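J.: For the sequence shown, full-length UniProt numbering gives the first residue as 1, with consecutive numbering after it.
Hints were generated in silico from the structure; no laboratory data involved.
Each hint should be verified, as a subset may be incorrect.
[Stated by the list, open to error] Listed next, the in silico DSS-like pairs over lysine-lysine satisfying Cα-Cα at most 25 Å (straight line):
1. Lys101 to Lys50
2. Lys57 to Lys196
3. Lys101 to Lys57
4. Lys188 to Lys123
5. Lys188 to Lys101
6. Lys196 to Lys128
7. Lys101 to Lys196
8. Lys123 to Lys196
9. Lys35 to Lys128
10. Lys122 to Lys188
11. Lys53 to Lys188
12. Lys53 to Lys101
13. Lys57 to Lys128
14. Lys35 to Lys57
Quantities reported herein were computed from a predicted structural model and do not represent experimental measurements.
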Amino acid sequence: MGRPLKNPPISSSILSVSIPFIPRSMLDYNVPGGKLNRGLSVIDSYELLKEGKDLTKDENFLACALGWCIEWLQAYFLVLDDIMDNAHTRRGRPCWFRMEKVGTIAVNDGLLLRNHIPIILKKHLREKPYYVDLLDLFNETASGQMIDLITTLEGDEDLSKTIGQMLVCWFSVFVFLVACALLMAGEKLDNHLVVKNVLVEMGIYFQVQYESKSYEKLISSIEGHQSKAVQAVLKSFLGKDLQETEVGKDVELA
């Protein structure tokens with residue numbers, strides 16, 4: 001089966017209701033630039049729940065529409081997260097708020113991304129018996145991610161909040177995606193608590209791998225003098241260029 005989700009620009013048939021209300025350039029810049037793993041995972045999960053049966057054209061379209069809604073939600077998180085972190089790049093390009101003539105307008109753009117998700121869901125899924133459950137699921141996930149943003153503010157060293165933040169991350173990445181597929185398959189989420197527990201364990205495994213790779217990249221950047229950002233930070237502490245000192249001798253990594 002083809003993967004429509006992989007082929008930007010985003011299907012006009014899915015988003016036609018939104019075009020008059022949202023700048024297309026902002027949409028194309030922020031939504032389709034990633035790997036689209038979240039959206040594709042919904043389609044894959046739904047196909048697995050069909051137990052080998054091919055999706056009908058209508059089922060495939062609805063799964064793709066739902067997958068794109070999840071990618072919109074992720075774009076909303078990233079736009080706001082970059083502003084709060086005062087970040088410079090995202091997915092190899094300047095963050096949206098750093099683009100010319102954007103700036104703090106990006107806050108409004110993020111809200112546009114978030115607010116158009118229920119519009120798309122209403123257009124394509126309002127006749128489905130799981131429509132209200134989907135809305136609740138998106139709202140709960142969005143609220144959880146906002147807690148994530150709040151608890152990552154500088155100076156917050158509360159361990160319980162850090163643990164909560166990680167759990168939110170695991171929920172959004174794994175449980176949320178599969179929950180969407182379960183609802184499409186006509187399942188009640190309360191009947192699948194064991195599945196949720198398994199997905200949380202998968203999330204822990206994923207998070208450990210992610211953190212490990214992040215530390216490896218940081219160490220490699222320092223050892224290879226490849227990261228200008230790292231060099232700038234170390235220069236501010238050492239008072240001289242990184243090239244003028246031996247990393248292993250003069251700089252200790254905690």
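J.: Are the hints correct? Go through all of them and say.
T.: Okay, the hints, checked on the actual structure:
no.: 1; hint: Lys101 to Lys50; in the structure: 47 Å, violated
no.: 2; hint: Lys57 to Lys196; in the structure: 29 Å, violated
no.: 3; hint: Lys101 to Lys57; in the structure: 41 Å, violated
no.: 4; hint: Lys188 to Lys123; in the structure: 23 Å, holds
no.: 5; hint: Lys188 to Lys101; in the structure: 46 Å, violated
no.: 6; hint: Lys196 to Lys128; in the structure: 23 Å, holds
no.: 7; hint: Lys101 to Lys196; in the structure: 43 Å, violated
no.: 8; hint: Lys123 to Lys196; in the structure: 29 Å, violated
no.: 9; hint: Lys35 to Lys128; in the structure: 29 Å, violated
no.: 10; hint: Lys122 to Lys188; in the structure: 20 Å, holds
no.: 11; hint: Lys53 to Lys188; in the structure: 21 Å, holds
no.: 12; hint: Lys53 to Lys101; in the structure: 49 Å, violated
no.: 13; hint: Lys57 to Lys128; in the structure: 16 Å, holds
no.: 14; hint: Lys35 to Lys57; in the structure: 24 Å, holds
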